[in-house]
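Chains as they are written, first to last, in the numbering used here: chain A, 167 to 446; chain B, 3 to 420; chain C, 2 to 296; chain D, 27 to 400.
Everything labelled a hint here was simulated from the structure, so no lab data went into it.
Treat the hints with care, as some may be off.
[To be verified] Output of the computed footprint for chain D on chain B, the stretches with three or more beta carbons under 8 Å from beta carbons of chain D: (1) 89 to 101; (2) 106 to 112; (3) 125 to 131; (4) 185 to 198; (5) 220 to 230; (6) 326 to 339.
Backbone N, C-alpha and C define an ideal beta-carbon position, used for all residues, glycine too.
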Amino acid sequence: MSGEGLTIRGLRVSFDGYTAVDGVDLDVRPGDLRFLIGPNGAGKTTLVDAVTGLVKATGSVRFGTNGDGTELIGKPVHKIARLGIGRTFQTATVFEELTVLQNLDIAAGAGRGPLTMLRRRKGIPQPVAEALETTGLTALRDRPAGVLAHGQKQWLEIGMLLVQDVRLLLLDEPVAGMSHEERESTGELLRRVSEDSTRTVVVIEHDMDFMRSFARSVTVLHAGKVLSEGTVAQVQADPKVQEVYLGRARAEESADAAPAVPSPATGEATPTTTASAQEA
Amino acid sequence: MSGLSITRRGLLTAASAVGASAALSACGAKTGSGTSSDAAGATADTSGSTVKIGLLNSLSGTMAISEVTVHNALLLAVKEINAAGGVLGKKLKAVSQDGASDWPTFAEKAESLIKEDKVAATFGCWTSASRKAVKPVFEKYKSPLFYPVQYEGLEQSPYIFYIGATTNQQIVPALDYLKKQGLTRLYLVGSDYVFPRTANKIIKAYAKANGMTVVGEDYAPLGSTEFSTIVNEVKGSGADAVFNTLNGDSNVAFFKEYKSAGLTAKSMPVLSVSIAEEEVASIGTQYLEDQLTAWNYYETTPGAANEKFVKAYQAEYGAKKPTSDPMEAAYISVYLWKAMVEKAGSFDVAKVKAAADGITFDAPEGKVTVDGATQHVYKTARIGKIGSDGLITEVWNSGKPVKPDPYLKGYDWASGLS
Amino acid sequence: MTVILNQSFTGISIGAVLLLIALGLTLTFGQMGVINMAHGEFIMAGAYTTYVLQKAISGAGVSLLVALPVAFLVAGAMGALLEWLLIRRLYTRPLDTLLVTWGVSLMLQQLARDIFGAPNVQTRAPDILTGNIAVAEGISLANSRLFILGLALLSVLALTLVLRFTPLGRRIRAVVQNRDLAEVSGIATGRVDRMTFFIGSGLAGVAGVAITLVGPIGPTTGTNYIVDAFLVVVVGGIGQLKGSVITAFVLGVLQSVLEYSTTVSVAKVIVLVAIVAFLQWRPQGLYTLRTRSLA
Amino acid sequence: MTTTSAPTTPAPEVTKATSPLTRFRVPGGFALGAVLLLGIAPLALTDFRLALLAKYLCWAMVAVGVSLAWGRGGLLVLGQGVFFGLGGYAMAMHLKLADAADTGIPGALPDFMQLYGTGEALPWWWKPFGNPAFALAATVLLPMAVAAVLGFFVFRRRVRGAYFAILSQALAAALAIWLVGQQATTGGTNGLTDFQGFFGYDLDDPANQRTVYFVIAVSLLLLMAAARQLFVSRYGELLIAVRDSEERVRFLGYDPANVKLVAYVVAAGMAGLAGALFVPAVGIISPALIGVVPSIGFVIGAAVGGRASLVGAVLGAIAVAWAQSTLSDAFPGAWTYLQGLLFVVAVGFLPGGLASLGAVIRRNRIRTRSGEAA
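Excised from the complex, chain A in its bound form:
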């Protein structure tokens, strides 16, 4: 049962005695669009860092499409990346001096042999063309990434994960600082991406509206531990969550945004964690 998708057991990360992630267990199945929420310092980003090998951690993180999956703890970053695990950062990091096309082409090419590397790129590889299409950046492909708008950079990052043929996408606050329209587009993009039944998507987000609109399932972290898990509705109804989000949650979110839980726009706000992949 724990063979598919991302399986985390007893994950623990400490910095100089401060424990940022404190024994987290987490399962995310393929086809899910899991949101990771929690107050500042809850350990969300650190958890993603640990999964991608950026920080040292103890415990077990396995990822695979069948069987037991591969243990990720202890592997270097680039080896983890080659297992089909990709991430974005809070501040979009694209290669500003390279064009959109070059950015995507590099992302697509981690497995290229030396001879291919030493040749000039001819034409546009199929996955790159598809990613351009999916992210809507086709018209901008020859622009240096540095001149893109903030939202476009985030899409480019997601596109780079797509061409990598990533099976597990870890997105760190992808809509921070975006306009309303950009958020909508990003959400749609994420939904399209996660429709592939073999992909697993995990999104760290602060934006509750965005979460309510697009999450299939939610995990709430608090002080390095899992506080609550379930559908948006289940989580929002959890008193422990309300406790943590006390003040802010009561005042602004539970009060006026709660009715939005069964989102009319998508009708997808109540899938369970075992949401079927047939939707795709």
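Add chains B, C and D to chain A, keeping to what the hints say.
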């Protein structure tokens, strides 16, 4: 426009060029064929009313400290010679090139002086390394170089005149002096380059044959300024005297450390062969008082010729400017060349070389004579003591000019050296 | 045994100089991350300050003591000026800073040549600093080195106190740890940078005064020390005073012992290679400030 | 739906180089360079000037590598003197051995060893350099091997930026000091000099000196073509990506250490070849070409001309070398100021060097245009 096609085009061009160069090289001489020597010869331009001579010194970089003074002395000599009517009725025009304390640059500038400026002779170089770098250039173009600095011997290029002392005119007399003083246990301290290493080889051979002992030997990288350990070792060695072949900045650090360690000229004198008046001024007499030096000339050397030289130099460059051995050697090198040219009646290098033997000059250091066979100069060896006023006064001299012997052939103990 | 003891004391002598020349860099390089190749020329400026003051004030001891604060101000002002003119424009480009300040260092050397002449100049050390005291049988420590050691330790103490307990120190640490946060907290980070640079460069000036007791004073004085100074800070670890202190003395003793058992050249090569190997083992140096940044 | 080895869709305008002017810019420029170096320069210059140019072209060859490693890869290679020196010494050792063999005396030692050495047999590590093929290969492969070993450790441990630069300098200093210290076997400060022949040809002969020039000029052009290919290849794009965000590249599944290693090793090989050809052209190799200052000198030209632009770096290297050699005689002091100022201005205020003047303007224009679009 793929990269590949560019490369291909590049290769084509390259291939044709290789072809072209192969064709060219077909007319180049093979080694040992002997044809090349005629192809490259100096063509000094002496046709006009002036004759160009080259001054090749480091005007910038780390060696500028020393070499600028030599450059000044050369310019003074040129000025005096021109004021007195020039050479063979032609005024001298000095062309200065900056060796920039960098050996390959010296080689480049030497070539520039010979090929571009068509100088009749070149004066300069200080370090052995710069001389070694330009030697093939002067030999290739058969143009003469006058080298003004004491050096490690073991060299006799047909196109270099060695106006500074060779080892038997500086180091060997210095050892004679130490032996006479009963200072027989020596500690050798030097910079890590060819002169100190060769000098110390000679010293060790001398010591072996003369009942002296070398109790220690240390080399510091050129420019090194940390001498705690070396001085510590010197102090504990029980030596009678230190033979110092350090160069440049290292001397400053060494002598400061030496004094700090409580060592003095009384308890353990240091005999230096690279510290002249100029260096004394930059180290400080506080640290150097009563220490020994070995040269062929001091600012205080008696004689009318020296009085005139010191006066002229200070009139030109400032009243407090000291004169030193390499400066004096540089100064007389121009006069020696003038005398050779005038004896030969021509600027032609072969004739000048042929005329060199036996040329004498009443130099500030006393009478000097050119030895045609070695192209070195007979020089009087002088041991000096550094005074509190920064001047060096002579405490001993060899009595008469010493015949130059760059390969120390006249010394039995040196037979195994080279 | 005597040998080991003796070389240890010699090593401390060497380490004292290393520490003093590296101290300013622990601020400008260690705290601010600026690779200032002209730092050596601030040392040179301190040395020349001693020379100039000695011409004005005859007593060697008095002029040396006066030179300490004056050199601090002179070199500090040069540093602050350099920061204001160039370095502040280059904070995001550390490698370019290295090259730009190397250009500045060339110009400062030439300036010294034009003002004071190419040859080295001499200063007179006060007699009390030219002697030595016996530590044990056959082992002595030069007074000049003791003076440098004292000066270095005093500077470390003063610097620590300033960083820990003064408002300026708090600001400096705040800017180092989180520039953005410091800025929004109302700290004029630009002015703090300049002050940090002033103090760091000033310490180089103080080192320059002390250097006159043991080394040559000339246009290239700074270049003699600059690489060593950087190595001390690199090995000691960025942003950590204690790392530099330990490193300076360890390198000093290592150098001294190796010089004793091999030759100076070989010792130098071994020390350099050892440093390279050490950085393989600990790329961030002996002590590091842990941050959550990507780097 | 997404396969890793997807067919490529034909791209009508991947690059915007459609106008004839831009299309022939690169091959045209290359041809122009070839004509200038191989045709006009040898005809227009005296033997002496040509020899000088040969020396400058050697610096330019180093600059090609600097442009790759530093300009594209962001590796401030402040220790290129090490590789230049290794290449130079490998060549010089062979020439010295060949000269010794030419004397006809069996087992003759190179001249400097007879003077300063212990007078014993040739050190074992000199012996292979008697073989011309080995020596030639070593001029390039030895620096590359050293760079590979060094880079392997340094990049793996993520030593970078300032640390890498300072480390490079420390190594350059160490090698220079070591060479100086081994006088009996390396010639010490003097270095190796006074070469008679070059693979059987007499180096004193002006015709042979011209051949050396041609070899150098052709080598430079080849290196530039090779570097250009690397620049426009996928590897070149990846290298820029590593320079701009090493971590990000890591998350794409590449090991940035390997990407940097390739640039570093190639740059080292180029410096080695430059050093090897410098020896017959100038007639000397010495520790003075290896230490900290010359190593910084190797990046000056690239910085002034434009580190990221191949042509800029090459022209910059040639121009700075020319200025150094011409101005330092007339105004030794002023030249030092100018050199310092060049660094401050070129690196501090025009980081792309002189070559970027046009690009800065062009980029501004693109910015304006995209601003309008957005």
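Going through the hints against the structure:
With a threshold of 8 Å between beta carbons, the proposed coverage of the stretch 89 to 101 of chain B by chain D holds, since 3 of its residues qualify and at least three are required. Only residues whose C-beta sits within less than 8 Å of a C-beta in chain D count toward coverage, and the stretch 106 to 112 of chain B has 5 of them, enough to reach three; the restraint holds. A count of 3 residues in the stretch 125 to 131 of chain B with a Cβ less than 8 Å from any Cβ of chain D is obtained; the coverage claim is therefore met, three being the minimum. With 3 residues having a beta carbon nearer than 8 Å to a beta carbon of chain D, the stretch 185 to 198 of chain B meets the requirement of three or more and the stated coverage holds.
Residues of the stretch 220 to 230 of chain B lying with their CB closer than 8 Å to a CB of chain D number 3, which satisfies the three-residue condition for coverage. Counting residues of the stretch 326 to 339 of chain B whose C-beta lies closer than 8 Å to any C-beta of chain D gives 0; at least three are required, and the coverage claim is violated.
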